[in-house]
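Chemist: Residues per chain, in single letters:
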Amino acid sequence: RCCASARACGGAMAFEEEEVAAALASALVVLPGEEIARGGGFLRGHGTYVESGPAGDSDDDDDAAPVADEEGGDPSVRLVASVAGVVLRVNRLISVRPVQSRYGGDVGDVVVGRIVSVGNKQWHVDLGARQLGTLMLGSINLPGGALRRRTLEDQLQMRTLFVENDLLSAEVSSFYQHGGMAIHTRSMRYGKLANGQLVTVSPSLIKRLSQHFVSLPCGVDAIFGLNGRIWLTVARSGEEAGDHVERSRMTDEMELENRLHAERVISPESREAIARVRNAILALAATGRLVNPVAVMAVVTRSEELGLAAKAMLAPDVSDALLGPVST
Amino acid sequence: AAMPHVSRGERRFIEEGVRQNVRYDGRAVLDLRHLIVQNGVIEFCNGSTLVERVHTSAKVLVGVKVEAVDLRDESEGSELFDVTIDCTSVEAGEEDPSQRRFRDFSRRLEALVEEQLREAVGDGSILHVVPNRFAWSLAVDVIVLGTDGNMSDLVSLAVFGALADTVLPKSEQIETEDGPDFTIDTEVSTAQALPAALFDRLPIRVSLFKLCDTMVADACEKEEECATACLSALVNRNGELCSTHIDKGGAVPLTSLHGHLSNVCQIASELFKLLSSEFSAANSAR
Numbered sequence: 097r098c099c100a101s102a103r104a105c106g107g108a109m110a111f112e113e114e115e116v117a118a119a120l121a122s123a124l125v126v127l128p129g130e131e132i133a134r135g136g137g138f139l140r141g142h143g144t145y146v147e148s149g150p151a152g153d154s155d156d157d158d159d160a161a162p163v164a165d166e167e168g169g170d171p172s173v174r175l176v177a178s179v180a181g182v183v184l185r186v187n188r189l190i191s192v193r194p195v196q197s198r199y200g201g202d203v204g205d206v207v208v209g210r211i212v213s214v215g216n217k218q219w220h221v222d223l224g225a226r227q228l229g230t231l232m233l234g235s236i237n238l239p240g241g242a243l244r245r246r247t248l249e250d251q252l253q254m255r256t257l258f259v260e261n262d263l264l265s266a267e268v269s270s271f272y273q274h275g276g277m278a279i280h281t282r283s284m285r286y287g288k289l290a291n292g293q294l295v296t297v298s299p300s301l302i303k304r305l306s307q308h309f310v311s312l313p314c315g316v317d318a319i320f321g322l323n324g325r326i327w328l329t330v331a332r333s334g335e336e337a338g339d340h341v342e343r344s345r346m347t348d349e350m351e352l353e354n355r356l357h358a359e360r361v362i363s364p365e366s367r368e369a370i371a372r373v374r375n376a377i378l379a380l381a382a383t384g385r386l387v388n389p390v391a392v393m394a395v396v397t398r399s400e401e402l403g404l405a406a407k408a409m410l411a412p413d414v415s416d417a418l419l420g421p422v423s424t
Numbered sequence: 016a017a018m019p020h021v022s023r024g025e026r027r028f029i030e031e032g033v034r035q036n037v038r039y040d041g042r043a044v045l046d047l048r049h050l051i052v053q054n055g056v057i058e059f060c061n062g063s064t065l066v067e068r069v070h071t072s073a074k075v076l077v078g079v080k081v082e083a084v085d086l087r088d089e090s091e092g093s094e095l096f097d098v099t100i101d102c103t104s105v106e107a108g109e110e111d112p113s114q115r116r117f118r119d120f121s122r123r124l125e126a127l128v129e130e131q132l133r134e135a136v137g138d139g140s141i142l143h144v145v146p147n148r149f150a151w152s153l154a155v156d157v158i159v160l161g162t163d164g165n166m167s168d169l170v171s172l173a174v175f176g177a178l179a180d181t182v183l184p185k186s187e188q189i190e191t192e193d194g195p196d197f198t199i200d201t202e203v204s205t206a207q208a209l210p211a212a213l214f215d216r217l218p219i220r221v222s223l224f225k226l227c228d229t230m231v232a233d234a235c236e237k238e239e240e241c242a243t244a245c246l247s248a249l250v251n252r253n254g255e256l257c258s259t260h261i262d263k264g265g266a267v268p269l270t271s272l273h274g275h276l277s278n279v280c281q282i283a284s285e286l287f288k289l290l291s292s293e294f295s296a297a298n299s300a301r
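So the protein lines, in turn, are chains H and S. Mapped onto this note's numbering, the consecutive letters of the first sequence carry residue numbers 97 to 424. Mapped onto this note's numbering, the consecutive letters of the second sequence carry residue numbers 16 to 301.
Derived by calculation from the structure, the hints in this document are not laboratory data. On a predicted model such as this, the values are computed, not experimentally measured, just so you know. Idealized CB from N, CA, C, for every residue including glycine.
Derived DEER-like restraints, expressed as beta-carbon distance ranges:
#	chain 1	residue 1	chain 2	residue 2	range
1	S	Arg122	H	Gly135	52 to 62 Å
2	S	Ala244	H	Leu127	46 to 56 Å
3	H	Glu365	S	Lys288	28 to 38 Å
4	S	Phe59	H	Gln307	46 to 56 Å
5	S	Thr103	H	Leu127	22 to 32 Å
6	S	Ile199	H	Arg198	47 to 57 Å
If you want the footprint, here are the derived chain H segments under chain S, 3+ residues with CB under 8 Å:
#	stretch
7	282-291
8	375-387
Make a model of the complete structure from these sequences and hints.
Modeler: Okay, structure coming up:
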């Protein structure tokens, strides 16, 4: 599904005006098999392959390699896209960034992941990327906010912190040479997630926001992970958000609050609100629209105006009525 | 469609929601997810159906091919249907090769579908073209394209739909020197559906999953993972129970069994209404 296009689909999503103008001016969107360049003078990047001549062999889509150096090289050499996406040119390197792909990640991204295994001084975390992420024992906040070296005892008690299948929010801190991500939870806002539900959408539908930890007006707290995972839970009491800087020192209070939140009984009305937000996210994702707090609240508000129950939002015949006036 | 993973926090959320009758998507405990049923999706099959659950990855494609067989060549006790279930597209998406559970899952699904067809076909006389001589044999191919919990019910719905979409060539019994035989009219316009009596007997499967002493219908993968028992029953369109199973190693109290089975029959009746409306719409479009 092509979400941003100057050529392909006339009904592209609405961006900010200046972003739209910039995107339209420079974007070249290609489909698999479309020719991007001919002749020589280019380096083949990801998402492309070379066809040479009428009986030409087409190379596998490997890492960049010089193909033809001379200007005006063999005109039968064609650089062809192997995925659908946007063409990126950096000097002579031409690559195609696919519209939908696995989460690639950037340093500083807020992500929601699931613990896959407990290893030696580290946890392996499923982030929906090409490789499992790594959460080192030294990259987490110890209980009680202790600031000390991790000891052998800490290694032996890792399961008291995170076990398999636990969900957590974290930030990408760096990349390993093999491409895997290292994540950390070195802030009180990150850590284990409890008493809520996870919604998964394509990572391409979630863009970087000013705030990924959002308190929606309908009484739902959401974490928009850039890896396409969104955590929904009932809104906590108001005082914590503003006092974050001070509370970061009051780890005991934060930990107590987290424990109380995990054991809290959520009312049916709050559950209905969480379900409504969840269904709004899925309705947006099904039509390829960007998922962000503004769009989600627009769909939620529209569903309330139409008098739809949360469970009715996913009916196939209400999608147009629900999403028609929504722009992202 | 990797193996469902449920954290303790998610499990608590799901179980509390079931207790309060507000599930993760706003449904009540006995509400079903929305379905889309499309018939005639495979042109070269005698009948086919694609069934999917809206806004989930659950999708099942069923194709039915029909063949005339000589009953003298069939071995004693052989059945007039053959079921194959293919879960490879879902299995390939399993992240961890050691967790590839769909091989066993497809065998289990085959057994469930065979049970469903056995109820309809019975001794096979309903499919005879020439009594005790020639009969139609049904080859039912099921391809599971995606899963999101409660797949046995979705597969049984799709099988029902594909059989309802199936057309047979018009046949006429004749007498020959070698005994009774039959001829087939190859005109598509004269093709006819399977005998109506078969559909009176053909059941669909409805399953209830036990979470925290509450029985939940049409559970998603995570709810199924949290469930301690599964009560599944085959119900035909007359509201008659054909068979029941209790799976997942759990138990259902006897005192509440009648109530649960009544709910199962009620849900089956809603599904039959949906199927009949879909097929009457499709037939009028033809």
